[in-house]
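Peer 1: Each chain, written out:
There are 2 protein chains.
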Amino acid sequence: MHMGEFDLIERYFKRPAHKAVLGVGDDCALLQPTAGMHLAISSDMLVEGRHFLSTVDPARLGHKALAVNLSDLAACGAQPLAFTLALSLPRADEAWLSGFSEGLLRLAEAHGCELVGGDTTQGPLNICITVFGEVPPGDAHLRGNAQAGDDIYISGTVGDARLALDVFRGTQTLEAAAFEQARLRLEQPTPRVALGLELRAIANAAIDVSDGLLGDLGHILKRSGVGAHIDTTWLQATQTFGNGQAAGITPLLASLPWNKRLDYALSGGDDYELCFTAPVNQRELVHAAAWEAETPVTRIGRITETPGLVVLDAQGQPLARRFASFDHFA
Amino acid sequence: MHMGEFDLIERYFKRPAHKAVLGVGDDCALLQPTAGMHLAISSDMLVEGRHFLSTVDPARLGHKALAVNLSDLAACGAQPLAFTLALSLPRADEAWLSGFSEGLLRLAEAHGCELVGGDTTQGPLNICITVFGEVPPGDAHLRGNAQAGDDIYISGTVGDARLALDVFRGTQTLEAAAFEQARLRLEQPTPRVALGLELRAIANAAIDVSDGLLGDLGHILKRSGVGAHIDTTWLQATQTFGNGQAAGITPLLASLPWNKRLDYALSGGDDYELCFTAPVNQRELVHAAAWEAETPVTRIGRITETPGLVVLDAQGQPLARRFASFDHFA
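Taken in order, these protein sequences are the chains called W and C.
Just so it is clear: in the first sequence, position 77 is 179 by my numbering, and no numbers are missing.
Just so it is clear: in the second sequence, position 175 is 277 by my numbering, and no numbers are missing.
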């Protein structure tokens, strides 16, 4: 099958422009930003074999490619607006494109985030999305805003995505139903956009957890010039919130040996949950925000004036062991 | 050598933010768009072996990666503002990164276009840049604005980039000095940003020529529901403008057999010149714009009411031969 580049874009990705002044198909897309708002921009590149397995369902991959970008907007407290998609494909596979665009555009529509342009080319599979959102000046949660004394929170659950990856790699085993649950977390993560918006003017600092909780929290600490004590009692049992969602860790993780549980939860990666800090006197507002966003949050520690990241055991004693963090090229 | 992803970004790409509220290093960059302006966005992905040769000088590649995006802004008449860079690299090669970032940032600084964020990952070499510019509402030259009777123009010279590619491929030969001249056009194209800005409110439709003059003009015709007659007398000799720049074709092309010259000039590709249309009564303003932008332009034809793209010989008779256009996946 031969199909021109332009037909490809038209057929699978073009939708009528609503927010954009001008959408897919010209040299540039044109957006009309809301006067007085800051434009939040994030760009992520996903490479086959590194960010996803070649066998992944294309609809899930389309979802994930946008989800990881929306997750960056969520961390900033920005309202999604639009995105561009650049796609390098080995061949124009209609079944793949159909699935990929379906998963991508379903998530885009759910967030009112419009595909406004992009590029397609032939080459090794590579997906680059750049996403745009809006946030009122001063409301963005930045990495450098954490204050000594702040509570530290994590949204949703952490560790399942990495557990699924280890099952794929053959270093862990899970029963089929449990694997499917973990695998969904890996392949189809939920960007915490609603929570990010609710936390405007409540949270001080935030980051989305892509490389592991401790590693990403480390970026907040470094940028803010502070340290942290991380509790581990929240890893001892699964908590379930009002809407039935688990928080902190899932039953999957709770069934693992303690050290494995720590590894997955604290340095697993690919979680796309929000790790954020907020003043102690904002606790009620944090829980109200979580309730409004229908997203459980768990308080997991405290920002300290003294630099350094200390993980405490159930008795409040520092753990001697170290935790890895994911880093490209490391 | 092992170098963390974050060190990589900091070391080679981080510059103090001037225009951006928040630059490289957080989950999102933050821009403060000018109230009332439209935001023009374009994204291009460059793949090794398809858009550049693996042996290309990294500084030239850095230049080209941004130039092809600035060229899209130029086609829209937008003032460059900022860009994001997503980079997939097989390895963290310091010499390569140093050259690439130097070429990239030199062009960025020349256009006041700030690197505000991005992503680096390990994988097959792939460069994805998304660029942002501003244009007053109504001033953007869109592909669908060409009017029957409009003059058609091309900026600078066309065909040399493809000639250089054919020398690399061994299907053409050139003397060393001539090859270096053609090669610079292929490897380090000049985005016509100044011309694009000067043509605001003068040009009707515009496109940047990346896939060949006739093919790209075809996008204007299709979108505008019009046709065109293209003259070829401008291909018969090299013209030199006041500032010494050649227009239409260079002496390199003028020395080739007529049919080869047509091929290279009309369907060569990778030129990154502006093809635009303007009303006949704007001719003086077009030439004034070209003068102000220090960019020669050549009038090459006329938009017709009747659809179809007709290339005329020196006697005004339609040429029977066809011209190819570059198309990914074709």
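No wet-lab data here; the hints were simulated from the structure.
Please note that the accuracy of each hint is not assured.
Some but not every residue of chain W turned toward chain C, in silico, with C-beta under 10 Å [said to hold, decoys possible]:
1. Ala142
2. Leu155
3. Thr157
4. Ala161
5. Cys178
6. Gly225
7. Gly246
8. Arg363
9. Gln384
10. Glu394
Every residue, glycine too, gets a C-beta built ideally from N, C-alpha and C.
Peer 1: Each of the hints needs a verdict: does it hold here or not?
Peer 2: Taking the hints in turn, this is what the structure says about them:
1. Ala142: 4 Å, holds
2. Leu155: 14 Å, violated
3. Thr157: 17 Å, violated
4. Ala161: 22 Å, violated
5. Cys178: 4 Å, holds
6. Gly225: 3 Å, holds
7. Gly246: Holds: closest Cβ of chain C sits about 8 Å from glycine 246 (chain W), inside 10 Å.
8. Arg363: Violated - the Cβ of arginine 363 (chain W) stays beyond 10 Å from chain C, reaching only about 27 Å at its closest.
9. Gln384: Because about 20 Å separates glutamine 384 (chain W) from the closest Cβ in chain C, which is outside the 10 Å limit, the hint is violated.
10. Glu394: 21 Å, violated
In terms of the numbered hints stated before, the structure departs from hints 2, 3, 4, 8, 9 and 10, listed from lowest to highest.
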